[in-house]
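**Student:** For chain R, the structure is supplied; the task is to place chains A and G on it using the hints.
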Amino acid sequence: MAWRAALRSKAVISGLLSCSSHGRLCASPTFITQRNNSTSPKIKVDYDQTTGVAVMHMQSPPVNSLSLDFLTELCISLEKLEMDKGCRGLIITSNQPKVFSAGLDILEMYGKSPEHCGEFWKVVQEMWLKLYGSNMVTIAAISGSSPAGGCLLSLTCDYRIMADNPRYTIGLNETQLGIVAPFWFKETMVNTVGHRNTEVALQLGLLYKPAEALKIGLVDQLVPEDQVFTVATQTMTKWLTIPEHARQITKSMMRNPTIDKLRTNRDADIQNFVSFITKESIQKSLRMYMEMLKQRKA
Amino acid sequence: MAWRAALRSKAVISGLLSCSSHGRLCASPTFITQRNNSTSPKIKVDYDQTTGVAVMHMQSPPVNSLSLDFLTELCISLEKLEMDKGCRGLIITSNQPKVFSAGLDILEMYGKSPEHCGEFWKVVQEMWLKLYGSNMVTIAAISGSSPAGGCLLSLTCDYRIMADNPRYTIGLNETQLGIVAPFWFKETMVNTVGHRNTEVALQLGLLYKPAEALKIGLVDQLVPEDQVFTVATQTMTKWLTIPEHARQITKSMMRNPTIDKLRTNRDADIQNFVSFITKESIQKSLRMYMEMLKQRKA
Amino acid sequence: MAWRAALRSKAVISGLLSCSSHGRLCASPTFITQRNNSTSPKIKVDYDQTTGVAVMHMQSPPVNSLSLDFLTELCISLEKLEMDKGCRGLIITSNQPKVFSAGLDILEMYGKSPEHCGEFWKVVQEMWLKLYGSNMVTIAAISGSSPAGGCLLSLTCDYRIMADNPRYTIGLNETQLGIVAPFWFKETMVNTVGHRNTEVALQLGLLYKPAEALKIGLVDQLVPEDQVFTVATQTMTKWLTIPEHARQITKSMMRNPTIDKLRTNRDADIQNFVSFITKESIQKSLRMYMEMLKQRKA
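Protein chains in written order, with UniProt numbering: chain R, 1 to 298; chain A, 1 to 298; chain G, 1 to 298.
Keep in mind that a hint or two might mislead.
[Stated by the list, open to error] Mimicking BS3-like on lysine-lysine, the simulated pairs with C-alpha atoms at most 30 angstroms apart in a straight line are:
1) LYS215(G) with LYS215(A)
2) LYS215(R) with LYS238(G)
3) LYS297(R) with LYS112(G)
4) LYS297(G) with LYS44(G)
5) LYS44(G) with LYS238(A)
6) LYS261(A) with LYS261(R)
7) LYS279(G) with LYS130(A)
8) LYS85(A) with LYS294(G)
9) LYS294(R) with LYS80(G)
10) LYS297(G) with LYS85(A)
11) LYS215(R) with LYS297(A)
12) LYS122(R) with LYS238(R)
13) LYS284(A) with LYS112(A)
14) LYS279(G) with LYS238(A)
15) LYS130(G) with LYS279(R)
16) LYS85(A) with LYS261(A)
17) LYS215(R) with LYS279(G)
18) LYS284(R) with LYS297(R)
19) LYS112(G) with LYS215(G)
20) LYS279(R) with LYS238(G)
21) LYS238(R) with LYS297(A)
22) LYS130(R) with LYS261(A)
23) LYS130(A) with LYS261(G)
24) LYS238(R) with LYS279(A)
25) LYS215(G) with LYS238(A)
26) LYS261(G) with LYS261(A)
27) LYS294(R) with LYS122(R)
28) LYS238(G) with LYS98(R)
[What the hints assert, rightly or not] Each pair of labels, with its calculated beta carbon distance range:
29) ASP48(R) with THR51(G): 56 to 66 angstroms
30) THR230(A) with THR237(G): 44 to 54 angstroms
31) LYS238(A) with ASN95(R): 55 to 65 angstroms
32) MET288(R) with THR51(G): 15 to 25 angstroms
33) THR72(A) with ASP260(G): 21 to 31 angstroms
34) ASN95(G) with PRO257(R): 38 to 48 angstroms
Simulated from the structure, these hints should not be mistaken for laboratory data. Ideal placement from N, C-alpha and C gives every residue a C-beta, glycine not left out.
Extracted from the complex, chain R is given alone in its bound form:
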């Protein structure tokens, strides 16, 4: 079992939710405001009308944290691509070195009002709903580490190609921070690696090295680091030869039961998240985690 190896490795206690700024500025409300005013796009979309393939480059330094702004931008881009009938495939990748995405931005959950937390969670749901149910062929070109929400982002895709570098890890490691992955994170993982692997991975908040991730099926293919994008493009070409309508209906048939569970429970799920994350004990966990991140930086 790959998670036994993962449990032994130090990876378990590294990586996790992310902090969109460098450690020292993490808790600064001023910084947040500046960030909101930022106009440089956090995601660059290249869409090639000839091939019908769009590429989303995540480019939000330092670690592509999934902030409210980032996710909003992601959802808007997705909606545009989805509505363009010519766009049939989407490759998601990162322009940041060593990281695909470090996951949900803690700053959106720490010291924030219930309203803000609720608004944030809604866009996390939206991202998942749009991607897991996308009509496009979606491929994650995982060019670096991909913990927590970054792993979820990968799991929504149809195919996952990861850089074969043992320094990188991937996994839903929320438990390590004292946070619980919600049922739809869980079901997405069960649909990918099965019930038992998920039970262990989520209980322990495991992060897997690429070889371990491949073994349990958390990623589909490992390639040398400099070939991740090329192989993603080649794979996309193969997937696009499949009759489109039949493939889309088949995808829906496989994924809609899970999607419907969230769709019919969005408000309750938001309520659940907000009341959990605003608990004093959880806020304390988040603060300790951010301080740990700062110390690592220093």
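**Tutor:** Here is chains A and G on its own, set in the frame of chain R:
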């Protein structure tokens, strides 16, 4: 992942639904009529009362297409065997060289009235319901290729032994033809190889070589081509040592949730199939596919 | 497939439900009475308040049969530990040589009144409900064979470490005795090894050697026989570093759907068991099995 290998191989685009006649006669209504008048049995049943084991030899040239006649004959034979309390085991195999069954007969779906399509689909359901829920021990002796409906037929059995010949393939490749495998095909496959393997296999319409099929659990055992039937017989002997009543109840417990879903939705499922298959775009796909088959013959 | 190996091995027909006394006394009502009066504990609990880890040593000669008394004692111990907030981990192991637990005690089901059978089944349910849903980290240190109910006991734990001795076997082999594993045994196994492995294992009542059990995921780790307990202790230490509250909620999320199915159907499940086990044909199977055990002893 075996489906990565399958995706790379050319197998993906070969094989598929079948055509009960040789290419040139495919679209000929006259031929259909002749076929309906045929009195030679498409299935030969050998039942050994000493052992309690029946063998169904599929012998409908050239490729054991699952036509309305073929399936009707299959269902009648099944019902007889099921009602004979002495018959405890069933081996399904093919007398045609190189093929187990090439799947549903396109001629039953192409250029036919909605009524005919509905009648055909009903007997496809009936075959699945009878076999997936059979009280007998059922073993598929897969002596050749087994795409689409042929794969489904194998999946209904309790155990699958396949000829270890890399020229043969097996899989639910309907998507390749623009057709969607219905939910009960999907669930039968999920029950056998899990959710993720099914998601990829059905989206891409993958056909697996024997070694790949074994790897994901689509078949249970590979043996040299000339030993498929012998090993099936030996395996049957072992299975028949198990206390029968407990084994039957256990089998029901595992399979009834899936069976019940179709049983309570048969009419809707027929409606769904008929309205899909009679669409102009799907009929066009079927015609193109048959022309492709003809060209290959020529 | 490991169950193919298991099917070939002789293990299939050995082991099974157990008999709490030595063969010759099995059917003696006198003995039963004596047993009920026994005051020596069948389970020794060592609880180390420093580490927060309790160890349950099963010590009911000869084979830790899960009798009414044994299970009652187990449930009481579990309840005490669960209520002690300081107790965070539980290791279950056996003090009997060569066996973890031989499973449900046939004497509680053979020649007994429906009332007795019902009372017995209720405590079997209770054991499963308490363990599968425990807030503690639970680890099975499987120091010997573990058929039927012994396997179920292991499957309720969070992690299974087994002695790497090919003489030992583990599995839900009820079918071999003509008995049907109930739906919650089945679901616990599906949650651990998946649908297809469960379908074959339960239909055939397979017992797996350690290497085969590891291969399908029925156990998580094999270690030399004399290190089972040490490794269990080390593993526990790692699991206890995980933030507790998040781990517990995650565990519930994974297991509650299965637990709820039994919780809302306990009476029907008892009725079902009682009417099945008191059937003349099943009682006959049990008698034959006990006679087979006696002959083996002699």
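**Student:** Each hint: holds or not?
**Tutor:** Results for each hint:
no. : hint                                         : result
1   : LYS215(G) with LYS215(A)                     : 13 angstroms, holds
2   : LYS215(R) with LYS238(G)                     : 22 angstroms, holds
3   : LYS297(R) with LYS112(G)                     : 69 angstroms, violated
4   : LYS297(G) with LYS44(G)                      : 28 angstroms, holds
5   : LYS44(G) with LYS238(A)                      : 42 angstroms, violated
6   : LYS261(A) with LYS261(R)                     : 19 angstroms, holds
7   : LYS279(G) with LYS130(A)                     : 28 angstroms, holds
8   : LYS85(A) with LYS294(G)                      : 33 angstroms, violated
9   : LYS294(R) with LYS80(G)                      : 42 angstroms, violated
10  : LYS297(G) with LYS85(A)                      : 37 angstroms, violated
11  : LYS215(R) with LYS297(A)                     : 42 angstroms, violated
12  : LYS122(R) with LYS238(R)                     : 34 angstroms, violated
13  : LYS284(A) with LYS112(A)                     : 13 angstroms, holds
14  : LYS279(G) with LYS238(A)                     : 26 angstroms, holds
15  : LYS130(G) with LYS279(R)                     : 28 angstroms, holds
16  : LYS85(A) with LYS261(A)                      : 27 angstroms, holds
17  : LYS215(R) with LYS279(G)                     : 47 angstroms, violated
18  : LYS284(R) with LYS297(R)                     : 20 angstroms, holds
19  : LYS112(G) with LYS215(G)                     : 39 angstroms, violated
20  : LYS279(R) with LYS238(G)                     : 26 angstroms, holds
21  : LYS238(R) with LYS297(A)                     : 26 angstroms, holds
22  : LYS130(R) with LYS261(A)                     : 28 angstroms, holds
23  : LYS130(A) with LYS261(G)                     : 28 angstroms, holds
24  : LYS238(R) with LYS279(A)                     : 26 angstroms, holds
25  : LYS215(G) with LYS238(A)                     : 22 angstroms, holds
26  : LYS261(G) with LYS261(A)                     : 19 angstroms, holds
27  : LYS294(R) with LYS122(R)                     : 28 angstroms, holds
28  : LYS238(G) with LYS98(R)                      : 28 angstroms, holds
29  : ASP48(R) with THR51(G): 56 to 66 angstroms   : 59 angstroms, holds
30  : THR230(A) with THR237(G): 44 to 54 angstroms : 53 angstroms, holds
31  : LYS238(A) with ASN95(R): 55 to 65 angstroms  : 58 angstroms, holds
32  : MET288(R) with THR51(G): 15 to 25 angstroms  : 23 angstroms, holds
33  : THR72(A) with ASP260(G): 21 to 31 angstroms  : 44 angstroms, violated
34  : ASN95(G) with PRO257(R): 38 to 48 angstroms  : 47 angstroms, holds
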